[in-house]
Amino acid sequence: MSQTITIDPVTRLEGHGKITIHLNEQGQVSDAHFHVTQVRGFERFSEGRPFYEMPSLMARICGICPVSHLIASAKACEAIMSVRIPHAAAQLRRMLNLAQMVQSHALSFFHLSSPDLLLGLDSDPAKRHIFGVAAGYPELGRAGIGLRRFGQHIIELLGNKRIHPGWVVPGGVTEPLAPAKRDEILSLLPEAYANIQLALDAYKKTFASFRSEADVFANFPSLFLSLVHEDDSIELTDGTLKLIDAKGSVVEEGITAHRFTEVIGEAVEPYSYTKFAYYKPLGYPDGSYRVGPLARLNIVKSMGTPRAEKELAEFKQIADGPVQSSFYYHHARLVEILYGIEKIEQILSDPLILDKHVRATAGVNRLEGAGIAEAPRGTLMHNYKVDENGLIVWANLVIATGQNNNAMNRGVLQAARHYIKDGKFTEGILNRVEAVVRTFDPCLSCSSHAFGQMPLQITLMASTGEVLDTVTRS
Amino acid sequence: MSKLTLATVWLDGCSGCHMSFLDLDERLLALAELVDIVYSPIVDRKDYPDHVDIALVEGAVASVDDEKKIHKIRAHTKTLVAMGDCAVAGNVPSMRNPIGPKAILDRAFIENTTSQPQIPCIVVPKLLPIVRPIHEFVKVDVFLPGCPPSADTFHAALTALVTGTPLDVPALTRFGA
Ligand code: SF4
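Chains as they are written, first to last, in our numbering: chain A, 20 to 493; chain B, 207 to 383.
Calculated from the structure, these hints are not laboratory results. Each hint should be verified, as a subset may be incorrect.
[As the list claims (entries may be wrong)] Derived pair list, reagent style SDA-like, types lysine to any residue, alpha-carbon separation capped at 20 Å:
1) B:Lys308 <-> A:Gly67
2) B:Lys284 <-> B:Ile305
3) A:Lys299 <-> A:Thr275
4) B:Lys332 <-> A:Trp413
5) B:Lys308 <-> B:Ile325
6) A:Lys404 <-> B:Ile305
7) B:Lys308 <-> A:Lys440
8) B:Lys209 <-> B:Val270
9) A:Lys404 <-> B:Ile310
10) A:Lys440 <-> A:Asp141
11) A:Lys299 <-> B:Glu317
12) A:Lys180 <-> B:Arg233
[Said to hold, decoys possible] Which chain A residues stay away from chain B? Per the calculated CB distances, all over 10 Å, these:
13) Glu33
14) Glu44
15) His52
16) Tyr71
17) Ser206
18) Phe226
19) Asp234
20) Asn238
21) Lys320
22) Leu367
23) Ser368
24) Leu373
25) Asp441
Glycine included, C-beta positions come from ideal geometry on N, C-alpha and C.
Take these sequences, add in the hints, and give me the full structure.
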């Protein structure tokens, strides 16, 4: 009399996924999976295209983090061209990436997770959304919309379009920054600072009531990976990769993009269209690791901006060594928003930021190239091979969600085991299992996205056909 | 009069159209005064409601799940809007059409894999041989092209649909915008 609970679709997620929870004959959770149910084929259908088309084509993988794909792809192309992009272009792309970090983190925290955090995991599902937050907490609802708008507005000012700007190209960017646009970005900063302060205060105040969730929301030791600057400060656009273990000791560092596939492998599980990345020397699944805001704050030693530096110091107090519970992705995300705003301000004071040299040109000087950037949800790698004419002959992408895939699956199982006893569960319990996935902010568009046509109704049925329990979510 | 209901749905797209919808920013709050968003990736309802006044559908039809879903949406929706170039014309998702699903899956899960190569088959839906735009499956009432259509386009289009005033799409957006 074993049963399966299906949550389909997982809502308030960027893209759709399903969760299945398997119960044994005693009604105890025996296994659980997070399924990503769409695959799109960019790695294959990009073959034959000219490499310089890749950034704008690959951006269409994801409308939430197109900037990360633009940047990782452009960097892979620049490796093929063997060029170093002009300083101003590098700084402008860094600013674009930070703007995206702010808007995407705001989306994850406010639009997707704040209904759980502010209204409650057991609150009425019909009102558990951003509009419910805006009704109950008008200031915070507006702060979230405002922070997302801040990031999107900067992307539009730089790239002339909020989503899929064509401005990032192999070799740099197409247009320098105009002084009027710089001034407009500067004018947006005070409101953004005020909004993130509101959010940090609200999160810290509300966290006390989520301690028991923090204990079981993917709370286990693991490896962590992210880009870092050479002085071990945070770095989202350049730098090299560093991998630490659960105690915080360095496993590998200084991993450059072209060495990425030497150390990182990808496994397939039959239940997901998203692969499972792992650190090759430890094999799969032992070499599984986490990426994203939690990994980044666990790895870096400083933020390089004053207010985020203070927040990092406070974050490091949470645990002795790396913070293990994925619940703290939320906290780390807010610290990174603050960092993003501060860093944008810093970059705008660069005396060369208005420089007109923003694009390097070259043809094919190498037949293979790889590029890495930190997407909001974690490390993103593009790797291309071209022929002598610059046409793509092979492409491989390793996306953040694949690198968190093992941890998301373990986390779903951990929470399901903790909350579901004797085959009994409530809507609020299933929402907790979904909320574990939300902490990771997986972007299922990047690999896929599922689409649930399955009903809201979850039925536990005995093999005799007897209905044991039903939960309706509408 | 009760409020109109709005659904937003994701098929095989990149979510960029949904993000552009969210780019309504503060105008979202005003929109929520006029319509109830009853089904969407940003709300918690799991099933498609029996009656929806306006549905914005992003993405092309690429898997058996997408196909089932678009028929269900059509059956329960008054005004179905194909949102963005993928929904309108196939766009990027249909670039796999000359290659076919087998080669796509082989590349991702067999060739570009270092452990346990296999084609996923549990719970995940089968891919259709050809990715096609929505109107090849069901009747579409409004085509809103763009990759993605801008937030201003959404604002103007939704205002027209909600108030029942004429909607001049070519004045707002175009394919590839
Ligand atoms: S039309 Fe463009 S923005 Fe919309 S889903 Fe398709 S690729 Fe994404």
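Evaluation of the provided hints:
1. B:Lys308 <-> A:Gly67: 18 Å, holds
2. B:Lys284 <-> B:Ile305: It is violated: about 36 Å lies between the C-alpha atoms, which goes past 20 Å.
3. A:Lys299 <-> A:Thr275: Cα-Cα ~16 Å, so holds.
4. B:Lys332 <-> A:Trp413: Violated, at roughly 24 Å.
5. B:Lys308 <-> B:Ile325: 9 Å, holds
6. A:Lys404 <-> B:Ile305: 19 Å, holds
7. B:Lys308 <-> A:Lys440: Violated. Lysine 308 of chain B to lysine 440 of chain A sits at ~42 Å, over the 20 Å cutoff.
8. B:Lys209 <-> B:Val270: 33 Å, violated
9. A:Lys404 <-> B:Ile310: 17 Å, holds
10. A:Lys440 <-> A:Asp141: 17 Å, holds
11. A:Lys299 <-> B:Glu317: 17 Å, holds
12. A:Lys180 <-> B:Arg233: 18 Å, holds
13. Glu33: 6 Å, violated
14. Glu44: 21 Å, holds
15. His52: Nearest chain B Cβ is 7 Å from histidine 52 of chain A, so the label is violated.
16. Tyr71: The claim stands: tyrosine 71 of chain A keeps its Cβ more than 10 Å from every Cβ of chain B (closest is about 17 Å).
17. Ser206: Label holds. Min Cβ-Cβ 17 Å, cutoff 10 Å.
18. Phe226: 22 Å, holds
19. Asp234: Holds, since 24 Å exceeds 10 Å.
20. Asn238: Answer for asparagine 238 of chain A: holds, closest chain B Cβ roughly 24 Å.
21. Lys320: Given a closest Cβ separation of 32 Å, the condition holds.
22. Leu367: Holds, since 23 Å exceeds 10 Å.
23. Ser368: 27 Å, holds
24. Leu373: About 27 Å separates leucine 373 of chain A from the closest Cβ of chain B, which puts it past 10 Å; holds.
25. Asp441: 24 Å, holds
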